[in-house]
Amino acid sequence: MTRTGEGTLAFPGLSARLAWYYSTTDAKKRVSAAALAGWLPKKGDRVERFDAIVIGGGLVGAAIAYGLARAGLGTLMLDEGDGAFRASRGNFGLVWVQSKGEGAPHYQRWTRRSADEWPGLAAELLDRTGIAVDHHRPGGVHLCLGEAEFDDRRERMERMRRQSGNLGFDYRMLDHREVADLLPGIGPAVTGASWTPYDGHANPLALLRALHRGFVDRGGHYIPEAAVGDATAAARNFRIASAAGEFAAPRVVAAAGLGNAALSPLFGLNAPVRPQRGQILVTERARHLLPMPTTTIRQTDEGSIMLGDSQEDVGFDTGQTAPVMQAIARRAVLSFPWLRDLQIVRAWAALRVMPPDGLPIYDQSELYPGAFTVNCHSGVTLAAAHANLLAPMIAAGALDASLDLFSAKRFDVPAAA
Amino acid sequence: MFRLRRNGGPASVAVVVEGALVHVVPGASAAAAVLAAGFASIRETPVTGAGRAPYCMMGVCYDCLAEIDGIPNQQSCMVETRASMRIRRQLGARQLDPPNQHNE
Amino acid sequence: MNSVEFAIIGAGPAGLAAAALAGEFGLDTMLIDEQGSPGGQIYRAVETARADSPLGPDYLAGSHLVAAMRAARIEYRPGTTLWHLDPGGPLFLAHAGRTETVFARRVLLATGAIERPVPIPGWTLPGVMTVGAAQILLKSADLIPAGDIVLAGQGPLLYLLAAQLVQAGSPPRAILETTPGANYREALLALRRRWPGLRPLLKGLGSILAVKRAGVRRRCGVRGLRAIGHARLERVVWQGGEIAADHLLLHQGVIPDIQISLALQLRHEWDDGQLCWRPVLDPWGQTSTPSVAVAGDAGGIAGAAAARLSGQLAALDAAMLLGRINGPERDRRAATVRAALAREQALRPFLDRLYRPQRSILAPEEDDTIVCRCEEVTAGAIRRAARLGASGPNQVKAFTRCGMGPCQGRICGPIVGALIADTLGRPIADAGTWRPRAPYKPISVGALADLDAGV
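Chains as they are written, first to last, in this note's numbering: chain A, 1 to 417; chain B, 418 to 521; chain C, 522 to 976.
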């Protein structure tokens, strides 16, 4: 629900976005200027060919593109511009396992695999690009305020453990005193918490930059302001028409975030993702105090403390709202009363890319083999899986059977009985 | 270094800057008091520890951050001095002192 | 929750004039200003200024504007910061660490101007500040820099402050004028095209003569300015010269303070004459959002007198939109204001061309130069990010942390756009603007937690 001023359109979020976009940019001027800058092939009859085209330069696209380039494929990554929605710019930074996949043990398994691959990816990126992504895996805590929350959480953790089968699910429910031993200055309102050793956090923007740097260093081609308008598809033969020219490849990956809903059908794929807004507050830098992240409060390596979050169904509106900001601040202060005095120096709202059941959608086109769609709201947590596990599958031409449960076929309405 | 202008003043407001008494005219900001006290820099950045002094004096640059009456990281150019205000330079990121949870 | 008809942000000449006139029309008006006393920057501390102030009669004349506001039946809220505005909805204010929500039917942004950032090597050294900063210290604290003072840059404020320092008993050691030679030619052409009258030109000359009479050394056409020193400024160096200095006061003109108008995502356009972004406005200051208008330098630099007049136009428009007068009445009253405004704006093309900054001021050439003062991000890091594909200030921010500090891009935003344009070989307008967010100025977690959102 958004507040509109007098006389605005019925879909203020969209009009606001369009107004923002067109007030500050001119597509044609940008494209020719970029051509001058030597970024792209000149428009014309020539269609540049690659081994793989990844549409989308956020955390999902960049991780996959990096994996493909690392595997030796000549890869093109097409991206939108500065004013696009860019879920990756709004990410909180958790590499989070404990909440994932209740009732869907395959998701918990996939997430655990990614979390286990993460340290290796972080080290590799540091080694190859010199960029530190500040990954830490000290375990993580989900704070519960009140008995009801605590009981709820305990039941949920127990269900996760039961569903985990051979994989196991190591968690502990901590009471107030145990939480106080782990985290300094916990408030009296904190009844307890769930803890697992699997959780951690990282710097999402450093990750994005490192993946981009690593991609380019491995010979990848990156073109921003290249929104994809149209495509022609045939088995292992795709032709993409973008604002920056036309390109062809035997493999195409739709990793365009919210844009995937419109993009995937071009390749015979279905990606019914919708926006879910989240708001985040960030405090001034402080000397280090929090030894591990919680689901809604974490301290970055620079010392800022990030406070989240919200789950709002408001369409494509990236506006901030005082009631949500207040709710975030209130819960933060209840959790750690000493947060009161810290100044909030910035905040934002961003749109998560949310599949209908919250689980990733990984799919390959049956109509046009060689086309894939990749969708999730946990671009940081799953970055390692995307780079190290998914990209090799895409390079080889088909997804493992282990990912079948992530196919969009699960949304198909069954025939009436 | 800054000094009172010719025919300026009277500097009738007494504040304490880094433990020393400083006099400023009514209406002067805390940042002005630090400059009047003779300090070259008012803070050390949390990023590299570099010394900084106020750059804009109008609330835009945030280089005037100082600790005022015990509260760190305030825009001292936006805070009007009051008698016996205690001003200290802001050295790096703020220190946090959460209360001890156990009854010790 | 408190409710008003007309909320004005900023108590400089535009806001003061708008408030006084709004009061005359009986509009239920709230004037909100973050400074503790009225006058904005140009008339800072004018209420307590003495008649013998070295700042001169033009400054003292601002006291009439302040007095008119004081006499008006409006609510004046000093020391109050707007930290979030929902267009068509409430204003969220902070005062003395507490938050407050106010609903206003119409909002006027009169946030004025800020100094154009001057990113020369060493500009973050203690001892380097803007000419405006030195002037604020003089106005509000009766303080002048001690030791060797060097002024450097271009723009009307440069000689004005120099003359004020002479008057206050602390003449600068030197003035380093960076005005490129080509600017004089362009400026004379502008004079030929539109003659602004002798008086404004003579006024500017007055400051220059006063400074010359005091024997202050001048260098013209200065390039390659840099500030050198260890823990603080020790000397100022330029191509072909250097001088020891305790204080370097920089000035390269002023630019509109668009932080709030950008946060509201109003339409903005690049003004190539003034080399700055400004909100797109109709002749009454109306923006692309129906309930929001802009007056004064926040809508484009035109000086204090023009700001006062544009504040009046915005108040007239508000009076009509809020039902006090009709269209023809508004236009009738506006006629004399517009005529005066046209006269005030006549000198602007000349000034804009004469004081057009060098390219290297907009986009520092040396990679080591700090661009983001808060996060200490260099020009080199920003150029690298642009080459990696960051095509606008928001992507640059994501890649480098430039703009993540407390100033939220106020200082670095303009520089980043120019650097991107420079690196990618495209016009500055194409790089776009940074996107500020609420809170427009920091508020504490506690104050936010205690907010009565009232909706």
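None of these hints come from the bench; they were simulated from the model.
Check the hints yourself; a few may be wrong.
[To be verified] Here are the simulated distance ranges between beta carbons: (1) A:Asp217 to C:Ile729: 22 to 28 Å; (2) C:Asp852 to B:Arg503: 52 to 58 Å; (3) C:Gly745 to B:Glu435: 35 to 41 Å; (4) C:Gly745 to A:Ala123: 42 to 48 Å; (5) C:Ala667 to B:Ser429: 19 to 25 Å; (6) C:Asp973 to A:Phe411: 39 to 45 Å; (7) C:Met522 to A:Arg156: 37 to 43 Å; (8) C:Gly745 to A:Leu145: 56 to 62 Å; (9) B:Ser501 to C:Glu596: 48 to 54 Å; (10) A:Val47 to C:Asp973: 58 to 64 Å; (11) B:Arg423 to C:Asp793: 41 to 47 Å; (12) C:Asp973 to B:Arg423: 28 to 34 Å.
Quick reminder that beta carbons are idealized off the backbone N, C-alpha and C, glycines included.
(Q) Under the constraints set out in the numbered hints, which ones does this structure not fulfil? (A) 1, 9 and 12
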